[in-house]
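*Asks:* Residue strings, one per chain:
Protein chains: 2
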Amino acid sequence: MEPTLNPESGFLRLRFDFSYDGANFSGWARQPDQRTVQGEMESAISGLTRNKVELVVAGRTDAGVHAASQVAHCDLPIRDKYGNEWSTQDLVYRLNRMLTEEIRIKSISIAPSYFHARFSALRRTYIYKIADGQRQIDPLKRFDIVSWYRHLDLSRLNDASSRLLGEHDFATFCKPGGSGTTIRRLEKFSWERIGDGTLIATVAADAFCYSMVRNLVGAVVCVGEGRFEPEWITALLQNKTRVSESMVFPARGLTLVGVDYPSDSELQARASVTIRRRDEE
Amino acid sequence: MEPTLNPESGFLRLRFDFSYDGANFSGWARQPDQRTVQGEMESAISGLTRNKVELVVAGRTDAGVHAASQVAHCDLPIRDKYGNEWSTQDLVYRLNRMLTEEIRIKSISIAPSYFHARFSALRRTYIYKIADGQRQIDPLKRFDIVSWYRHLDLSRLNDASSRLLGEHDFATFCKPGGSGTTIRRLEKFSWERIGDGTLIATVAADAFCYSMVRNLVGAVVCVGEGRFEPEWITALLQNKTRVSESMVFPARGLTLVGVDYPSDSELQARASVTIRRRDEE
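Here the protein sequences line up with chains P and H, keeping their order.
The first sequence begins at 7 in this note's numbering and counts up one residue at a time.
The second sequence begins at 7 in this note's numbering and counts up one residue at a time.
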């Protein structure tokens with residue numbers, strides 16, 4: 007299915023910036039009889055605006071994955087049913103009243119017609135939080151952290167992670183069954199320990215294939231805990247054999263924290279490049 | 007009921023430092039057919055140690071109130087059923103495995119026999135978090151924050167709060183029906199805005215009567231939003247008439263963040279002073 011790049015005539019394109027707690031959703035993508043972020047948001051927007059809308063999202067998150075800075079777009083007629091222009095501020099306020107506090111729309115803006123939440127994106131950034139060793143998770147901060155019983159060595163984590171940077175075929179780290187290429191450009195993959203000792207990985211790429219971040223984290227943790235040497239990661243990447251399912255880390259620790267877009271003047275060019283590859287997500 | 011100050015002969019006193027997410031508990035205090043923090047902890051400790059224990063807590067929190075640093079004690083026989091000394095580290099580990107992640111025991115230590123979690127305490131400190139105006143609450147940080155639709159002026163909040171400092175009869179701010187005195191020494195009550203704009207009140211006193219912090223917050227917010235002048239707070243305190251129930255702020259925003267005790271050598275003296283007043287909590 008070739009996506010519609012521009013809004014239809016008489017429609018304008020709205021950009022939504024929002025966040026959500028993914029714990030009680032079956033992921034982003036609308037599915038029959040499942041509670042999904044897309045389903046909740048589309049139903050609120052359609053109900054409020056009296057227009058059946060479809061949202062196109064920058065990063066389709068899996069069940070249980072969170073978003074601190076997600077981006078989506080949809081198209082609406084230029085005027086509402088009373089012939090008035092939309093007040094984006096009013097839409098934000100009223101949609102947030104309709105949604106549960108698990109989803110918060112931070113802003114809505116009228117985007118250039120060439121803006122496409124998915125295909126215009128240059129880069130997605132995720133973080134992954136781990137409380138390792140005997141480190142306890144504060145009950146009020148537990149919702150986006152996973153625990154790992156062994157101690158993880160920060161420099162080994164960073165050594166292993168840095169070996170994955172650059173453009174590679176990440177088939178090893180992609181759940182099979184996805185369509186399109188598994189060649190991605192990993193731009194950042196580094197770890198830090200914050201004040202209370204929690205480990206945070208920051209992972210950025212042009213795009214990710216299905217469950218790729220959680221696979222990357224799982225593999226690198228094997229090195230961090232001393233089970234394998236960093237060279238093992240390099241071999242994994244080269245061999246292109248799928249890593250064990252048991253290494254995939256839980257959705258709960260994963261949060262989408264940013265989506266980068268080019269300047270408005272470069273939006274159209276970027277989307278065209280992406281669509282030619284027909285495989286981004 | 008006069009509390010037992012010291013452990014019985016052959017018993018030792020254990021101090022528990024722990025935290026909890028109060029959202030899904032009917033408060034601290036054990037009640038029939040209710041899920042309470044005390045009930046969950048006592049049942050885990052009794053089950054693991056094969057001794058029926060009763061916990062005495064520093065700050066009995068209400069339904070929905072959280073604790074980042076709560077303290078309690080209970081007494082156990084000096085040796086376990088195999089005749090071995092208790093390993094407090096092992097107890098922490100095993101109890102945390104039995105409890106849900108809503109409660110985390112941070113440490114257990116063998117306390118001086120004169121230590122009494124409730125009566126030895128010099129001071130309790132709470133925080134209260136508010137997202138005011140149109141400020142949104144991050145879905146992943148929503149569990150201990152309440153929203154208030156009007157903008158609150160920080161200097162007015164602090165002006166009003168500072169008028170309550172010192173030793174007063176806080177009957178105005180205490181839910182009726184509690185036993186004992188309503189004379190308390192309010193040592194700190196101040197507000198700040200943190201990075202994302204969230205307002206945080208820090209409130210410390212020798213002890214608090216029932217729902218006192220949430221009453222104080224509610225009254226001071228009336229000044230912060232401009233509904234009343236700071237002088238109104240002074241008059242409230244002097245008149246000793248109970249403030250409207252509608253001003254009480256929700257439990258969800260409240261977290262016990264600290265309990266202070268005197269040095270070990272002063273523990274016994276402190277408990278005796280407190281018990282003479284027979285009214286602390």
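One thing to keep in mind: the hints can contain errors.
A pair holds if it fits inside one copy or across any two, identical chains being indistinguishable in the list.
Stated by the list, open to error - Straight-line C-alpha distance at most 35 angstroms; calculated DSBU-like pairs for lysine-lysine:
| no. | residue 1 | residue 2 |
| --- | --- | --- |
| 1 | K194 | K87 |
| 2 | K181 | K87 |
| 3 | K181 | K194 |
| 4 | K147 | K181 |
| 5 | K246 | K58 |
Keep in mind that the hints were calculated from the coordinates and are not lab data.
On a predicted model such as this, the values are computed, not experimentally measured, just so you know.
*Asks:* Checking each numbered hint in turn, tell me which of them this model violates, lowest number first.
*Replies:* 1, 2 and 5
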